[in-house]
Amino acid sequence: MAQTNRVSYLDLIKNGIFKENTIFKLALSLCPSIAVTNNLRNGVLMGIAVLFVQVMVNTTISSMRNFIHPRIRLPIFMLIISGWVTVTDMTMAAFAREAYKQMGLYIQLIVAFASILARAEMFASKNKIAPSMFDGIGMGLGFLFALTIISFFRELLGKGSLWGFPIINAKPLLIMILPAGGFFAVGILMGFFNWMSMRKETKNH
Amino acid sequence: MTGKDIVKITLNLVVVYLIGGLILAVVYARTSPIMFKNAIIEKEAALKKLMPDADKIEKMGDWYIHEKHSEYFVAKKGDNIIGYIVQSFGKGYSSYIDTLIAVDNDFRVQRINILGHAETPGLGDEIEADNFINQFKGKDMEHLKVLKTDTTEYIQAISGATISSRAVAEDAVKNGVDFLIKAIKERGAKHGADKQS
Chain A
1 MAQTNRVSYL DLIKNGIFKE NTIFKLALSL CPSIAVTNNL RNGVLMGIAV LFVQVMVNTT
61 ISSMRNFIHP RIRLPIFMLI ISGWVTVTDM TMAAFAREAY KQMGLYIQLI VAFASILARA
121 EMFASKNKIA PSMFDGIGMG LGFLFALTII SFFRELLGKG SLWGFPIINA KPLLIMILPA
181 GGFFAVGILM GFFNWMSMRK ETKNH
Chain B
1001 MTGKDIVKIT LNLVVVYLIG GLILAVVYAR TSPIMFKNAI IEKEAALKKL MPDADKIEKM
1061 GDWYIHEKHS EYFVAKKGDN IIGYIVQSFG KGYSSYIDTL IAVDNDFRVQ RINILGHAET
1121 PGLGDEIEAD NFINQFKGKD MEHLKVLKTD TTEYIQAISG ATISSRAVAE DAVKNGVDFL
1181 IKAIKERGAK HGADKQS
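First to last, the sequence lines map onto chains A and B. Position one of the first sequence corresponds to residue 1 (this note's numbering), numbered consecutively onward. Position one of the second sequence corresponds to residue 1001 (this note's numbering), numbered consecutively onward.
Hints may contain errors.
[As the list claims (entries may be wrong)] Mimicking DSS-like on lysine-lysine, the simulated pairs with C-alpha atoms at most 27 Å apart in a straight line are:
hint : chain 1 : residue 1 : chain 2 : residue 2
1    : B       : Lys1137   : B       : Lys1076
2    : B       : Lys1091   : B       : Lys1056
3    : B       : Lys1059   : B       : Lys1049
4    : B       : Lys1056   : B       : Lys1077
5    : B       : Lys1059   : A       : Lys101
6    : A       : Lys101    : B       : Lys1037
7    : A       : Lys25     : A       : Lys128
8    : B       : Lys1076   : A       : Lys101
9    : B       : Lys1037   : B       : Lys1048
10   : B       : Lys1182   : A       : Lys101
11   : B       : Lys1091   : A       : Lys101
12   : B       : Lys1076   : B       : Lys1043
13   : B       : Lys1068   : B       : Lys1137
14   : A       : Lys171    : B       : Lys1148
15   : B       : Lys1049   : B       : Lys1137
16   : B       : Lys1068   : B       : Lys1145
17   : A       : Lys171    : B       : Lys1145
18   : B       : Lys1068   : B       : Lys1048
19   : B       : Lys1008   : A       : Lys128
20   : B       : Lys1008   : A       : Lys126
21   : B       : Lys1182   : B       : Lys1056
22   : A       : Lys128    : B       : Lys1004
23   : B       : Lys1049   : B       : Lys1037
24   : B       : Lys1048   : B       : Lys1076
25   : B       : Lys1182   : B       : Lys1048
26   : A       : Lys200    : A       : Lys19
27   : A       : Lys101    : B       : Lys1048
28   : B       : Lys1037   : B       : Lys1008
29   : B       : Lys1037   : B       : Lys1068
30   : B       : Lys1145   : B       : Lys1091
31   : A       : Lys101    : B       : Lys1043
32   : B       : Lys1091   : B       : Lys1076
33   : A       : Lys126    : B       : Lys1004
Source of the hints: derived by calculation from the structure; they are not laboratory data.
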């Protein structure tokens, strides 16, 4: 990761969205990606919340990286993460009440996201502020992208609607909005994206 | 670990806690009034929506269901009582469902409104949907029963969410109306007795 000085910011963002996509490639944070993605609105809002937390955490930790004592870096990281999550939690409770009622619990659970702590430890604590911020944006966008696409298919197939508006006047596959359907959706999409990148690789060779 | 390390670690924690606490305090100070205001507005709007004809909704008292605090209200138009509103809870699949029920003077349900719950998203939360809630209009005590078949006489369960449907119809609404009937009758009896004496 030390060579990142030579990598452009755009590459950092792309890396988070495609090459190291939290859900489809690293298979981290699967719990929320199944729990909140049975409708598009919740999926998108959760993605935005994670994007915000990831960027803020990366920036904060990166700016303090020379100040934090290595022995207590994990407790400090957790403190910073939970601080920013609480900020997000309170803001959503005040300004997005309807969505908050449905997903309040999962917002607080962002604290325990492996992906956020992993980026803090692997990237932000070793890099300068700007690359860390862009890494956060990339990882957050990747997560948002994954949640959007999962919740898009789950709501469309399970409820026949999108963002709460009816599209098909039926529930084609009720199981898609149940937890089991979440596993199906994540599994199939993960397979699809891996197949895509495999095809790309074989073409390049 | 040297003494220097200990000092640095302590300093680390103190600074991070202080800054974090400060940021949280500022955000809380900004958002909590909005949350508080929203909760009040939401409740008032919910009451108003239940009894659109009423121009005054007054609290009558408190009661408890599933050991939860609830309230009941009388709705007036001018000086005439046009109905009552009672708050009630039903034990659902994964939560207690907070419900407001409006009844007319004959204790027939006029409207209900789900204030809060944590039922399964995508299934149980259909109890908030209009086509479930609208079924309650005109139902009296005898007809507050959930059936899994097509029905207009009784309440038709949401497919995949029978427990949540039952919790609303047979627990929250039925017990709420039952309580209301008793409470109003008792009050009326007392009132009558006062008048006689």
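A quick look at each hint next to the structure:
1. Simply put, Lys1137 (chain B) and Lys1076 (chain B) have alpha-carbon atoms about 19 Å apart, close enough for the 27 Å limit, and the pair holds.
2. Proposed proximity of Lys1091 (chain B) and Lys1056 (chain B) is contradicted: the alpha carbons are some 31 Å apart, above 27 Å.
3. Distance check on the hinted pair: Lys1059 (chain B) and Lys1049 (chain B) sit about 16 Å apart at the alpha-carbon level, within 27 Å; holds.
4. Distance hint between Lys1056 (chain B) and Lys1077 (chain B) is fulfilled; the C-alpha atoms sit about 6 Å from each other, no more than 27 Å.
5. This hinted pair checks out: Lys1059 (chain B) and Lys101 (chain A) have alpha carbons roughly 26 Å apart, not beyond 27 Å.
6. Restraint check for Lys101 (chain A) and Lys1037 (chain B): the C-alpha separation of about 16 Å stays at or below 27 Å, so the hint holds.
7. For the hint pairing Lys25 (chain A) with Lys128 (chain A), the CA-to-CA distance comes to about 25 Å; that is within 27 Å, so the pair holds.
8. Between Lys1076 (chain B) and Lys101 (chain A) the alpha-carbon distance is near 32 Å, which puts this suggested pair outside the 27 Å criterion.
9. For the hint linking Lys1037 (chain B) to Lys1048 (chain B), the alpha-carbon distance of about 16 Å falls within 27 Å, and the restraint holds.
10. A C-alpha spacing of about 33 Å is found between Lys1182 (chain B) and Lys101 (chain A), which places the hinted pair above 27 Å, so the restraint is violated.
11. With a C-alpha separation of about 18 Å, the suggested pairing of Lys1091 (chain B) with Lys101 (chain A) holds against the 27 Å cut-off.
12. With a C-alpha separation of about 18 Å, the suggested pairing of Lys1076 (chain B) with Lys1043 (chain B) holds against the 27 Å cut-off.
13. Distance restraint check for Lys1068 (chain B) and Lys1137 (chain B): the Cα-Cα separation of roughly 25 Å lies within the 27 Å cut-off, and the hinted pair is therefore satisfied.
14. Using a Cα cut-off of 27 Å, the hinted pair Lys171 (chain A) and Lys1148 (chain B) holds, with the two alpha carbons roughly 18 Å apart.
15. Of the supplied pair hints, the one linking Lys1049 (chain B) and Lys1137 (chain B) holds, its CA atoms being roughly 14 Å apart against a limit of 27 Å.
16. Distance check on the hinted pair: Lys1068 (chain B) and Lys1145 (chain B) sit about 23 Å apart at the alpha-carbon level, within 27 Å; holds.
17. Pair hint Lys171 (chain A) plus Lys1145 (chain B) holds up; C-alpha atoms about 25 Å apart against a cutoff of 27 Å.
18. Restraint check for Lys1068 (chain B) and Lys1048 (chain B): satisfied, since their Cα atoms lie roughly 23 Å apart, inside the 27 Å limit.
19. Taking the CA atoms of Lys1008 (chain B) and Lys128 (chain A), the gap is about 22 Å. The hint holds against a cut of 27 Å.
20. Distance restraint check for Lys1008 (chain B) and Lys126 (chain A): the Cα-Cα separation of roughly 19 Å lies within the 27 Å cut-off, and the hinted pair is therefore satisfied.
21. Pair hint Lys1182 (chain B) plus Lys1056 (chain B) holds up; C-alpha atoms about 23 Å apart against a cutoff of 27 Å.
22. Taken as a hint, the Lys128 (chain A) and Lys1004 (chain B) pair is honoured in the structure, with Cα atoms around 26 Å apart against an allowance of 27 Å.
23. For the hint linking Lys1049 (chain B) to Lys1037 (chain B), the alpha-carbon distance of about 18 Å falls within 27 Å, and the restraint holds.
24. At most 27 Å may separate the alpha-carbon atoms for a hinted pair to count; Lys1048 (chain B) and Lys1076 (chain B) meet this at roughly 12 Å.
25. A hinted pair counts as satisfied when its Cα atoms are at most 27 Å apart, and Lys1182 (chain B) with Lys1048 (chain B) qualifies at roughly 24 Å.
26. Straight-line distance between C-alpha atoms of Lys200 (chain A) and Lys19 (chain A) comes to about 12 Å, which keeps the hinted pair within the 27 Å bound.
27. The suggested pairing of Lys101 (chain A) with Lys1048 (chain B) holds, with an alpha-carbon distance near 21 Å, which does not exceed 27 Å.
28. For the given pair, Lys1037 (chain B) sits about 44 Å from Lys1008 (chain B) by alpha-carbon distance, which is inconsistent with the 27 Å threshold.
29. For a cut-off of 27 Å, the pair hint linking Lys1037 (chain B) to Lys1068 (chain B) stands: about 22 Å separates their Cα positions.
30. A hinted pair counts as satisfied when its Cα atoms are at most 27 Å apart, and Lys1145 (chain B) with Lys1091 (chain B) qualifies at roughly 15 Å.
31. With a CA separation close to 15 Å, the supplied pair Lys101 (chain A) and Lys1043 (chain B) stays within the 27 Å bound.
32. This hinted pair does not check out: Lys1091 (chain B) and Lys1076 (chain B) have alpha carbons roughly 30 Å apart, beyond 27 Å.
33. Between the alpha carbons of Lys126 (chain A) and Lys1004 (chain B) the distance comes to roughly 23 Å, so the proposed pair stays at or under 27 Å and holds.
Going down the numbered hints, you'll see the structure goes against 2, 8, 10, 28 and 32, while the others check out.
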